[in-house]
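Undergrad: Starting from the given sequences, assemble the full structure and let the hints guide the process.
One-letter residues, chain by chain:
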Amino acid sequence: MNTIPAEYYLILSAILFSLGILGVLLRRNALVVFMSLELMFNAGNLAFITFARMYQTISAQVVVFFVMTVAAAEVAIGLALMVEIFRTKRSIDIDQMNSLKG
Amino acid sequence: MLIVFIVLAFVAVGTAVSMLVTRNAIYSALFLVLNFGTVAILYLILGAPFIALSQITVYAGSVVVLFLFVIMLLGAEKLPGGEPLRWQRFLAFPLVILLVADFAVNINRLGGTLALIDLPPRGYGEPVEIGKVLFTQYALPFEITAIILLVAVVGAIVLARPQQAGVSRRDLYKRDTQERK
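Chains as they are written, first to last, in the numbering used here: chain A, 1 to 102; chain B, 103 to 283.
These are computed hints drawn from the structure, not numbers from a lab. Just so you know, even glycine gets a beta-carbon here, dropped at the ideal spot from N, CA and C. Careful: at least some of the hints might be erroneous.
[To be verified] Restraint ranges, calculated between C-beta atoms of paired labels, are given here:
| id | chain 1 | residue 1 | chain 2 | residue 2 | range |
| --- | --- | --- | --- | --- | --- |
| 1 | B | 124 | A | 70 | 26 to 32 Å |
| 2 | A | 88 | B | 189 | 23 to 29 Å |
| 3 | A | 89 | B | 239 | 42 to 48 Å |
| 4 | A | 59 | B | 146 | 17 to 23 Å |
| 5 | A | 77 | B | 233 | 23 to 29 Å |
| 6 | A | 63 | B | 177 | 34 to 40 Å |
| 7 | A | 99 | B | 146 | 43 to 49 Å |
TA: Structure below.
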């Protein structure tokens, strides 16, 4: 038994993506929300790599590489914003970020 | 190989669930590392060694370390206070179940038409091949990502810069508005 149906990978990717969405919707800690976002990126990348393998194309792997770089940039900016919010609000609870103008 | 896949899939889903459930943000970050590691092994099985290793260096290495730094810097392991709002839960679960149903229908519709994935052919997904495609066909996007990273780093420095002694940006803003009045 040396083969795996491609659907299994897609199902795993869908499950991970749904868990990421659940985390974004339910958690109040902004950092955990960010981690859930990373989980969703990861699920998308897994689907990309699966299709790359299915169609024997290398381009999808390059796209995943770009997604990774952009995700790294996004994390740098997001965490800097988080530190700044913590400085003014003394908390990173999403429920407390309810006013503009700091 | 199927057994390896099933074990890895269970570990990935389990770590993702425990990342969401645990109350301590540091544990969440560590579960995230484990999740990234298992997905990296799945990439290896799928014939993407370059992506697998950059997943480990970029995600499990730098991104999660950045997360841990910020968590420890802010001392934000646990939030005070109780449960999230109830209505959010009642709204979130049906929406996610709807999404899962959507995924299930679509994958089920594709079922059977997709290929079986066996061991990758020799040399598939090697760094050499990826480099060839990356620097010829995708040379312009590659340069653009370099600029994106530069902008992100400059932006992060500007945002997180220590403020001038005794004067916060908020006070400056207040003074500004008062002067305008």
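Undergrad: Now, for every hint given, state plainly whether the structure supports it.
TA: Here is what the structure says about each hint:
no.	hint	in the structure
1	124/B <-> 70/A: 26 to 32 Å	holds (28 Å)
2	88/A <-> 189/B: 23 to 29 Å	holds (28 Å)
3	89/A <-> 239/B: 42 to 48 Å	holds (46 Å)
4	59/A <-> 146/B: 17 to 23 Å	holds (19 Å)
5	77/A <-> 233/B: 23 to 29 Å	holds (28 Å)
6	63/A <-> 177/B: 34 to 40 Å	holds (38 Å)
7	99/A <-> 146/B: 43 to 49 Å	holds (47 Å)
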